[in-house]
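**Student:** Protein chains in written order, with the working numbering: chain C, 169 to 581; chain F, 45 to 526; chain X, 454 to 604.
Among these hints, one or two may not hold up.
What the hints assert, rightly or not - Straight line, CA to CA, 27 Å or less: simulated BS3-like cross-link-like pairs of lysine-lysine: (1) C:K527 / X:K563; (2) F:K335 / F:K492; (3) X:K517 / F:K194; (4) X:K519 / F:K194; (5) C:K360 / F:K68; (6) X:K490 / F:K354.
Said to hold, decoys possible - Derived coverage of chain C by chain F (criterion: at least 3 residues anywhere in the stretch with Cβ under 8 Å from a Cβ of chain F; other residues may be distant): (7) 511 to 520; (8) 536 to 547; (9) 550 to 564.
The set of hints was computed from the structure by calculation and includes no laboratory data.
We put the beta carbon where it would ideally sit given N, CA and C, even for glycine.
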Amino acid sequence: MKNELKIITKDWDKLNPLRIEDYIAIGGYQSLEKFISKLKPSEIIAEIKESQLAGRGGAGFLMGEKLAQVAEEKGTKYFICNLDESEPGTYKDRAIVDHNPHLLLEGIILCSLAIGAEKAFIYLNGRYEEQREILAQAIQQARKKYFLGKNIFQSDYKLSIELFSGAGAYICGEETALINSLEGNRGEPKLKPPYPVKAGLFGCPTVINNAETIANIPWIIKNSGEKYKEIGSISSPGSKLFILGGVVKNKGLIEAQTGITLRELIYDFGGGLLSGKEFWFAQLGGSSGRLLLEDELDIKLDFNKKNQYPLGSGSVLVVDKTVDIYDLMLSWASFFRRESCGKCVPCREGTFRLWGIIKRLRDREISQRDKEAMEDILWTLNNTTFCPLGKFSATAIQDAITKLGKDIFKKNN
Amino acid sequence: MQIKINNKKYEVTEGEIILDILNKENIRIPTLCSYGKLKREAACRLCLVEVKGSNRLTTSCTLEAQAGMEIITESEKIRKARSINLELLWSDHAGKCSHCKKNRQCELQNLAEEYKIENFHFIPRKGEITSQEELDLIRDDWSRIVVDDKNPVIARTTEFCIECRRCLNICPGKMVGFNYRAGDVVIGTPYEKTLDCLFCGACVKHCPTGAATDKNNLEEIQKKLDDINILAVAIVDPAILKSINNEVVEIKEEKKLNGFLKELGFEKIFSLNYGMEKYLQQITEELQNKKDKSMIINSSCVAVNRLVEKRYPELKKQLAKVDIPDEIMAKVIKTDYAKKNKINPKNIFIVAISSCTAKKSQSYKNLDNIITVRELGRMVRERKIKGSSVKELAKDEIEEKDFSSAEKIIKTGELTKLVLKKIKNKKLKTVVTDSVQKTKEILDDIRKRKEEYDFIEAMICPGGCLNGGGQARKIEKVKTNK
Amino acid sequence: MLAKTVEKILLEFNPQKRNLLPVLKNINSVFGYVSAKDAQKVADYFSLPLALIFQTASFYDEIKTKKSSAIVIQVCSSSNCAVNGAFNLVREIEIFLKIKAGDDNNLKIKLEEISCLGHCGEGPIMLVNGKKYERVNVSELYKILEEWLGN
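Bound-form chain C, shown alone:
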């Protein structure tokens, strides 16, 4: 299939996630060996910089830059793999662990050693208990093979990886909130600056990356950053995992090149819409994602900062015209009404009031007062909140109002 790619998902059908031998048999841990035997940390970072790999968690910050910044710092440093994954409709990171946990571990080890960290954490979504088990076993196996621990490949490199489970809070996917959570606090975002690369976990320089981003690293080290850069979109090259959901024929996880269009995703990979369904819009990137209409299906999806349709987590929800839009709006509103950390006024009070209005809207036509209130709340969520969650909570509802036609407030009952 056009744009199909197997970097992260390579050989998933051949692998038993609980057997390190399977991973080794397909060339696993060769990148780590290559690093230990031939490369300097700075060369690894140069390679990753060359690859132009952007963070797959949503913000799209260049990974090589982060690594380089922390590598320059002195003293204790940490590397954190963000596997909190709580964006609705997203389970790509979980799929990586379910199929190839060692790919992730190898990526973590490479990054940690490159920046000079001797301790790495994997922050798991609290519900990922099975994945925690898989990773715990994988870590044991890697340690036995000297891929982890005190003398990695008989070298002086050392690293330990600790698993840390969250306890149910969407906001902990945000890097500073995640750090707060790891430190035993409420998972509230911290003020930036200082950024984690300067003062992160326990005040030490810290790199935090999404699991999917990290899973690209072994390939890059093995095949070079230059080769990686050739894949997909020019501005943010590489592989991307997508989760197709909604009214498509083939739902589930897809690995594709960046720069793919929604149309290709839905029709080439997803096999088109279920029979009898008429396309209305697609939501890109979970509850905080933007809505794309029919005429926007050919926009190329990547992490380019100028792209007005951010890829986000990579989940795609295809919605047809029979769907009750008010149910969907309530779903978004109720999600953020529960998941706001509650610290700043516009987000705590705004998401709460917005939810109330949308509940009313779902039941019947709302008053002019409610419509104006909605506009004001969306505006303040967009412009005045402490962290990006405020903006996220407004995105989809704002798009529904502006893009789905003026009839959105007109109800027949």
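Using the hints provided, position chains F and X relative to the given structure of chain C.
**Tutor:** Coordinates of chains F and X only, in the frame set by chain C:
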């Protein structure tokens, strides 16, 4: 280094926080969560400013000055942001002011007036919604309310709470937390337990709204003051003169205060300095007669007494066996003074007007009630006393003698100085401390027998009673042209 | 095996603040919630104020601070489940059992909306006391309710 604020140049230091600069330069900036040196939470999103070169609004409380920075503090966009955020807070509060204790002394109310938040549209009006939805609304609002009316000193209700976190940050005992999440957030004690702390009152003092207030039955007090069969006596803590003006602007000095007290119904007005002098005498005596190895901790700070009782029970017997000055004085009034003036002590009602909240946590044999400066302000407002018609009056005296030198003990350290002056032929090792943190350090050392003292003067409020938890803060109010 | 006590759980961890969340999760999984008494023990062990323990505990969905013997019905209301009729289930349950989502009023049954569990292809997803049901439609809903609540 220079920066521009509203197109005017200002000399500043690099890294200085913009909010501090604005306050220093008297440039109006609204805020609810920041206060003084408290941790900058950036939670209320009102101190937003625009920085040239960025189209984002930034909170001035977290913004550091950099050379060449250009700040705008008022614009259409800024006003819109502040108005919406204020209204979001206000929608929980609207219509409740008249029954709120902080009415006219509330920072949220003042800002709502300044920003003309009248048309609150986040809550639907009656008639716009179905009865079921109305029930939902009531439920949603009330499910977020937690009330603590069981402790003797501080009345807490989240009905008026705006989650600014000042109380969390000021509380020296870390008694309250920011609990739950999102719209369910409650600032309160763990497991909604009744507050049982030192009752220093710092949270009440710093609360911008009516979420934490002084607990009392002011109507009951007022009733006693109005009863012609009862001799109502006010004992005025000299410390309150520092802050009474923040509550009642017309009171600029003691004589005016006395006039207001008379208007409220107090028949006799004494200064607490008499009680302070007696306290000094009694504690000096105790020190003079103490055994060589024993230690004495001053007993005049009730919050210190509580700290010792709760955390250092083994040191309890070291607390001086002397009542607080207010009670010493109340006793004199109900015995000697009553006898001399042929009044039945049962018909005397004594109220201490105090800079302290902790004193309320104890019950006393002679002292009938204690009100803080804030409560005095409330009583004045409720009586709608007009300042211009209030006379300036001299206070009453128990003994024709000047006791004003004893007043110094409202400041940390002065008690020790005065006691040492009185003591003869004895060398004493003393230590002076204030704040919970420092007091604990001293008491910990004593517990571990690292240090031994003859006399320990400890105060919980930093600086002593002068900065007591019952003192009133200046509540800023910006006049707007209607 | 001896019953697991809070003291034993605490001894498995160093009293460093970063172990607070794992400790709270552990206590929650053994006792179903973190009681005031246990939270005090945690506070003492970590030498932290109780208020701090509670504000951290109450932040997270997976840590309960109140004892509840209620049957908990959870319906995923995230977008994939919402477009497949999750809110119809919520409404149906609300009317049938006379409870409201998010309410604490009924001591026997609780209904909660929850966020995505990542089984988006199989929605709507519903959990009863942690047991997962997929592709729940209204007629199945009544079977499930009957299974848990009798007639």
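**Student:** Now, for every hint given, state plainly whether the structure supports it.
**Tutor:** Hints and how they fare:
Note on C:K527 and X:K563: the hinted pairing holds, with a Cα-Cα distance of about 20 Å set against a maximum of 27 Å. Distance check on the hinted pair: F:K335 and F:K492 sit about 21 Å apart at the alpha-carbon level, within 27 Å; holds. At roughly 25 Å between alpha-carbon atoms, X:K517 and F:K194 fall within 27 Å of each other, so this suggested pair holds. For the suggested pair X:K519 and F:K194, the alpha carbons sit about 21 Å apart, so the restraint of at most 27 Å is met.
Note on C:K360 and F:K68: the hinted pairing holds, with a Cα-Cα distance of about 25 Å set against a maximum of 27 Å. For the given pair, X:K490 sits about 18 Å from F:K354 by alpha-carbon distance, which is consistent with the 27 Å threshold. Counting residues of the segment 511 to 520 of chain C whose beta carbon lies closer than 8 Å to any beta carbon of chain F gives 9, which reaches the threshold of three, so the coverage claim holds. A count of 7 residues in the segment 536 to 547 of chain C with a Cβ less than 8 Å from any Cβ of chain F is obtained; the coverage claim is therefore met, three being the minimum.
For a cut-off of 8 Å, the count of residues in the segment 550 to 564 of chain C with a CB near a CB of chain F stands at 4, and the three-residue condition holds.
Of the hints listed earlier, there is not a single one the structure fails to meet.
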